[in-house]
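Trainee: Residues per chain are reported as follows:
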Amino acid sequence: MTPLQTLPDWTATAPAIVLALTGLLLLVIDTIDPDTSNNGLLAGTATLGSLAAGGIAGWFLIAGTGMEKTGGAISLYGDALVVDGMSLFFTLIFTSVAAMVSVASFDYLADRRYQGEFYSLVIFAATGMTLMSMSNSLATVFVSLELASLPSYALVAFLKKNRGSVEAGLKYFLIGAVSSAVFAFGISLVYAVTGSLVLPDVAANLTGADGLVGVLGLGVLMIAGGFAFKTASVPFHFWAPEAYEGAPAPVSAFLSSASKAAGFAVAFRVFTVAFPLDTITALGGGSVDWSILFAVLAVVTMTLGNFAAATQENVKRMLAYSSIGHAGYALIGLAAITVDGGAANGDVLGASMAHLLVYGFMNTGAFLFIAMAEKWGIGRTFEDYNGLATKVPIAATAMTIFMFSLAGLPPFGGFVSKYALFYSAIESGFWWLAAVGAVNSALSLFYYSRVVKAMWIEEPSKPLEIGSQPVGLYVAVIFAAVGTVLLLPGFQPVIETAQTVAAALF
Amino acid sequence: MIIEALIAVTFLAALVTFVLPDRIAGKAAFALSLVPVLGSLVMWQQYDASGNALLGGNIAFETDVVWLQLGQYDLHWMVGVDGISLPLVVLTTILTTLAILSSWTPISERESQFYGLMLLMEANLLGVFTALDFFVWFVFWEAVLVPMYFLIGVWGGPRRKYAAIKFFVYTNIASLVMFIGFISLVFGLGDSISSLRLPEIAQALQAGQLSGFAGLSASALASVAFIAMFLGFAVKVPVVPFHTWLPDAHVEAPTPASVMLAGVLLKMGTYALLRFNFTMLPETARSFALPIALIAVASVIYGALLALAQQDLKRIVAYSSVSSMGYVILGLIAYTTYGVGGATFQMVAHGLISGLMFMAVGVIYNTTHTRMVTDMSGMADKMPVTAGIFVAGAFGYMGLPLMAGFAAEFFIFKGSFESTVMAAMPLFTGAAMFGIVIVAGYLLFAMQRTLFGPFEFDGDYEITEAPFHDVAPLAVLLLLTIVLGVQPDIFFTMIQEAVNPILELGGAF
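These protein sequence lines map, in sequence, to chains A and B. Residue numbers are given in full-length UniProt numbering: position 338 of the first sequence equals residue 338, and the series is strictly consecutive. Residue numbers are given in full-length UniProt numbering: position 274 of the second sequence equals residue 274, and the series is strictly consecutive.
Check the hints yourself; a few may be wrong.
What the hints assert, rightly or not - Simulated pairs of lysine-lysine, DSS-like, Cα-Cα distance not exceeding 25 Å: (1) A:391 / B:161; (2) B:382 / A:391; (3) A:160 / A:375; (4) B:161 / A:462; (5) A:171 / A:160.
Don't read these hints as lab results, they were simulated from the structure. Please read all numbers here as calculations on a predicted model, not as lab measurements.
Take the sequences, apply the hints, and build the full model.
Mentor: What follows is the structure in structure tokens.
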């Protein structure tokens, strides 16, 4: 018997509570001492808060809170929230990314104003993401999605004097608003058909939808659209390159890693719990087979992301498109779910979750390296990175690790997580999806290796001047690099946990 | 545990070297690289394996733990050595140390990164030769490419970027083809295996567990997999007609990288051919005896002829590697104890001798800053020691008795004459032997023009004898070549023990 069982149920939401309190604390600190240019206290508080929340989530995962061995998922507030292995797993992703971003921002924001706002917005967005992964009702899904999104809009436009940043923020906001509206409309349609917002009840009432399959299908499609926005998948991906390029690099890291994972967390839960494939494809009036939809989206997303990334001259924009490509890989988790999949369904969904965790490290690290480059003021294109390795070998090594890992080259975490993902897809019978993924992955080496080649092999076109050695950024980047490497030998516990908690959804 | 320790220590040495200041990096890397040398010698001394690691033999220093449980096939961390891999492990550690020593003179920029990458490559090479799980093996196999790509691309000659990318693309595509071939075998084996451990797969194949897959019958699948894997490894070896990346890579690579490339990286290809193609699918290999023997002889003769046509000393040695690797293929396809054993022995012998030749060319280049045969003559007057070792090494290449090259080639010819895989084998052997004549021709010609005759040199550099730390690795390699030539049993006994089980394999389907 674990001591947790003697605690009241609501304590299971501790990670979200810790994050929310941290956000409030940051505001208090900022109220007491506004306009501080020394942001060590703020950055430290945000980092510690994220780490504490992540530590609690990790402890819960090990203790088995909300998982089968301690009596199954913990349902709270009239089923509006649920704490289970999956929500804890995703919380771990959000908090580790938030911690890295907070540490890195210590240098990135040095001598800028509104630092208290920045950190509290990051932490509130992380709170929203954590709630997204716990949401068990379409209403809480919508509310927590907005809680995660609204701070994100402000964060993208954080550099108020920078036209690119403001433009990106506006674009992101407008597209976000439209997709929220579409999403809300989809929810209303589903509610109209099933008469419930709570995910398991939606599933239970699906059979009564025989005459309204068309309405239900439209609702499901619109909800899928909302997720496509949040995860930067086709067809709602076009905000991503603008937003990621225009935003301050730590924010791009945060959005492209954590925010994307949050979109997947909620998509995984909504589609597997509210619209179980075996029920929804066997309705009297027809079938709503969303796995085909996601299979098509996965193929288009990864291919489009890859080809667009290959044509970029700007490294940050290349990473933005690569992030779209990776959304395509993660979509395989939903696409390869089959009616009679059994254990294979949990395996492929878990593999997708494990890939998102590894991706959280390597992608965050890559964007934080960009943040470092922006701090040094060396420019944005591949050519500007020429010869960087001679000046900053350690940071360049870390970036090399991120690039090769994103490409799925063997000695790093990205290789084994892609292998697990493609392998599970083959096991589910979707060998063609795995083949498209593998080919895309091989092609991606082209543009990732351009960064490596520029840093190590090319001669600098103009003399490189590296001013400061930002400690916080270095800490975050090295942490991400070590994580990316260690996830290769240490992948077994990750994939095992991910597949166990994913299996609990079916 | 000694294998894990060996790999871990080498990785750590790479990391340490990487952050050291440039001025001590070379000496530190040399000192650190002595640890794996010592470790591999301890392994050789305490070696207690028997038989072939893949065919139920007793594996030395074996570790086998589950690494990843993923669906149907578990991935294991399985490492160990047998008589085929141990000599290559020893070769890797010794050659890396000597290559590091030979880098002191030519490498003068970004030194800590250079030596760090050399050690990183050594760690991955050790992994390739000791891994007995396909997944682990593949991780190391691919990981070797990355440091080599940088070594060529950063410290190479004028066309280094082109050469580096050509090397990377060729070998990466080859890996993909090989991977597809191997994985199709795994799918063909279906439920009869529970992991990707190479021994398990080899034994399942031997037990006839291969069934058809994707519309192919079992034997057709075996043929397809064999061809895909052969093509993949053939690029790495390389054999004619997949050799075009090699001269570019060699000519542009800095000398120490050339030493590693010719000495060890090419052996990855032949080692993998022996482990995968010739051990796992012996029956299929026998059925392809004619094309494989043709490729082998073509590599021997065409490689030698190409070498004959070169003016650049390094290109001469590079093309002669293609020729020497042809002998290895010929020995492998012979399927006799001397053929396959000799081929394995040739991997080590050629590793030492080609390392010696590339280093000798490098030492001359350090002083003259040219490698063109036409640019110099009579170097022996000014650099007597280097020239002496160069000549001795070249004779080793030609197969002078009492040197390792002679033993290896003698074993291979003996084995392939006795071969029964097809009636025409003696004919192919005779044709391949003709290659030795050409080798003698171009090496003697090149030496006569550069080393002997009246001293002539147009450059502005003063020609003096090379420093001790340049000549020492040459002398060590020469010594090792002679020791192995006089006493091949240092390795040949264990090689034969590991090779013999392969020859006893019958056809399973």
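Trainee: Tell me, in ascending order, the numbers of any earlier hints that this structure violates.
Mentor: 2
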